[in-house]
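K.L.:
Working from the sequences, and respecting the hints, build out all of it.
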Amino acid sequence: MMSTVMTAIIAVLLIIGAFFALIGTMGILRMPDVFGRMQASTCIATLSTICVNLAGILYVITAGLSAGTAVKLVILAVFVLVTNPISNHALCKAAYRIGCKPAEPFCVDDLAADFGEEAHTHNTADLPDSAFDVSGADASQQAEEGELQ
Amino acid sequence: MKKISAWLSTFILCFLFWELLVWSANPRELLLGALVSAGAAALSSRFLIHESAWYLYNPVRLLLLLIYCLFVFMRELIAANNQMAKIVLSGHYDRLSPGVIRVPGDGRIRSEYGLAMVANSITLTPGTITMDVAEDDQGNPVYYVQWIDVAETDRGKAGEIIKGRMERAIARIWGEKPGKEADR
Numbered sequence: 141m142m143s144t145v146m147t148a149i150i151a152v153l154l155i156i157g158a159f160f161a162l163i164g165t166m167g168i169l170r171m172p173d174v175f176g177r178m179q180a181s182t183c184i185a186t187l188s189t190i191c192v193n194l195a196g197i198l199y200v201i202t203a204g205l206s207a208g209t210a211v212k213l214v215i216l217a218v219f220v221l222v223t224n225p226i227s228n229h230a231l232c233k234a235a236y237r238i239g240c241k242p243a244e245p246f247c248v249d250d251l252a253a254d255f256g257e258e259a260h261t262h263n264t265a266d267l268p269d270s271a272f273d274v275s276g277a278d279a280s281q282q283a284e285e286g287e288l289q
Numbered sequence: 017m018k019k020i021s022a023w024l025s026t027f028i029l030c031f032l033f034w035e036l037l038v039w040s041a042n043p044r045e046l047l048l049g050a051l052v053s054a055g056a057a058a059l060s061s062r063f064l065i066h067e068s069a070w071y072l073y074n075p076v077r078l079l080l081l082l083i084y085c086l087f088v089f090m091r092e093l094i095a096a097n098n099q100m101a102k103i104v105l106s107g108h109y110d111r112l113s114p115g116v117i118r119v120p121g122d123g124r125i126r127s128e129y130g131l132a133m134v135a136n137s138i139t140l141t142p143g144t145i146t147m148d149v150a151e152d153d154q155g156n157p158v159y160y161v162q163w164i165d166v167a168e169t170d171r172g173k174a175g176e177i178i179k180g181r182m183e184r185a186i187a188r189i190w191g192e193k194p195g196k197e198a199d200r
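Residue numbers (our numbering), protein chains in the order written: chain A, 141 to 289; chain B, 17 to 200.
Calculated from the structure, these hints are not laboratory results. Every residue gets a Cβ at the ideal spot worked out from N, C-alpha and C, and that includes glycine. Honestly, I wouldn't trust all of these hints.
As the list claims (entries may be wrong) - Computed footprint of chain B on chain A, listed as stretches where at least three residues anywhere in the stretch have a Cβ under 8 Å from a Cβ of chain B:
#1 143-153
#2 197-211
#3 236-247
As the list claims (entries may be wrong) - Far from chain B, some chain A residues (derived; all Cβ distances over 10 Å):
#4 158
#5 256
#6 257
Claimed, not checked - Beta-carbon label-pair distances, calculated as ranges:
#7 B/156 <-> A/148: 47 to 57 Å
#8 A/219 <-> B/87: 18 to 28 Å
#9 B/77 <-> A/206: 29 to 39 Å
#10 A/146 <-> B/113: 43 to 53 Å
#11 A/146 <-> B/17: 51 to 61 Å
#12 B/111 <-> A/260: 21 to 31 Å
P.N.:
So, in C-alpha cells, the structure goes:
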C-alpha cells in the first residue's frame, strides 16, 4: 500500500518536471528574441530540475538505497541552481552589450538611460552587424517560416 | 593570521562537500579528502573569502538560509514558473512588453553574499534576469533587471513585484543595521 502511494507521488513529480522542461523547450523554440528565449529556458533549470531530483530522492527512500545517493541528488540540484543564474546573467548582459535587438523595442530601458553610450560595446565578434539585428524585415519572415504549426 | 583563518574556513567547507559526496567514514577516504581539501583551499580561499572568514558559520544564519530556500524561494519559484507556462502556452508573444528596469534595493543588504543572493534569486525566477548591480548616491544597491513583461513602470512598485518577499527574507539572513559600514 505504502509503496503504491509513493510510486504515484514519484510519477506525479516526474510528470511535473517533464512538463516544465517541455515549457522551457517550447519557449526556446518559439520566443521571438534572445531575451525571451533566455527567460523561458530558466524554467528547465529551476522547477523541472527540482521536481525530477525530488522524485529521485523519494525513489531512493522507498527502494531502501544508501543515504549517500539521496545526498548526491540534493547536491546535484543545488549545483544546478547555483551555477545556472551566473551563466544566464552573463549571456543576457553580453547579448545586450553587443546590441542584440529585442523583437519589440524595450518599453523601458534604464540601463541605456543611465549609462548612455557605455551600455553598449563596440567590441563585437567578427560578424557583420546584420547578424545581430533580428528586428529587421527578413528576421520576421524567418520567424514565420520557423514557427511551429 | 587572516590568511590562515580564510584557508581553514575554506578547508572545512571543501571537506564537508567531499564527505557528502563520498559518504563513507573509511580512514583512507578521510585522509584523501583532507589532502584534496587542503590543496583546493590553498588555491581558492582568496576567491571565496573577501571579508571576515567565519561570516558563513553562524547557526542562526544557516537555519534562516534553509528556511528561505525551502519555503520563501520555492513559493516565488512556483508562482513565476506558472506565469511563464501561461505566457509560453498562450502564444501571443507580440503582446508582451519587455524592458530593462532599474529597481531600488534594500539598504540593509550590503555584503557580497547578500547582493549575490538577491541578484541570483531574481535571475532564477523565470521572467526576470538581473543584468547589473550598482550603487546609488547613498550607497544603496540598485539592480538592473530585464523583465519579459513589464507590468509596472513605477520603479519602487516594480521592485516590490519582482523581489519584495525574497529580499525581505534575504535581509533577515545577511542584513545589517542601516548606516553601519559593511565589514569588507
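K.L.:
Has the segment 197-211 of chain A got at least three residues whose CB is nearer than 8 Å to a CB belonging to chain B?
P.N.:
holds (count 4)
K.L.:
For the segment 143-153 of chain A, do at least 3 residues have a Cβ located nearer than 8 Å to some Cβ of chain B?
P.N.:
The restraint on the segment 143-153 of chain A is violated, since only 0 of its residues have a Cβ under 8 Å from chain B and three are required.
K.L.:
Indicate whether the distance between the beta carbons of residue 77 of chain B and residue 206 of chain A respects the range 29 to 39 Å.
P.N.:
holds, 30 Å
K.L.:
Could you check the hint for me, namely that residue 146 of chain A and residue 113 of chain B are 43 to 53 Å apart, CB to CB?
P.N.:
The hint (43 to 53 Å, Cβ to Cβ) holds, given that residue 146 of chain A and residue 113 of chain B are roughly 45 Å apart.
K.L.:
State, for the Cβ atoms of residue 219 of chain A and residue 87 of chain B, whether the hinted interval 18 to 28 Å holds or is violated.
P.N.:
holds, 21 Å
K.L.:
Does the Cβ pair residue 156 of chain B, residue 148 of chain A satisfy 47 to 57 Å?
P.N.:
holds, 49 Å
K.L.:
With d taken as the least Cβ-Cβ distance between residue 158 of chain A and chain B, does d exceed 10 Å?
P.N.:
For residue 158 of chain A, whose nearest Cβ neighbour in chain B is about 13 Å away, the distance exceeds 10 Å, so it holds.
K.L.:
Minimum C-beta separation from residue 257 of chain A to chain B exceeding 10 Å: can you confirm that?
P.N.:
Holds, since 15 Å exceeds 10 Å.
K.L.:
Can we confirm that no CB of chain B comes within 10 Å of the CB of residue 256 of chain A?
P.N.:
With a cut-off of 10 Å, residue 256 of chain A remains clear of chain B, as the shortest Cβ separation is near 14 Å.
K.L.:
Taking the CB of residue 146 of chain A and the CB of residue 17 of chain B, does the distance hold inside 51 to 61 Å?
P.N.:
Given a distance of about 52 Å, which is inside 51 to 61 Å, the answer is holds.
K.L.:
Against the range 21 to 31 Å, how does the distance between the Cβ atoms of residue 111 of chain B and residue 260 of chain A compare: consistent or not?
P.N.:
holds, 27 Å
K.L.:
Taking beta carbons only, do three or more residues of the segment 236-247 of chain A come closer than 8 Å to chain B?
P.N.:
holds (count 6)
Going through the hint list in order, the structure does not satisfy hint 1, though it satisfies all others.
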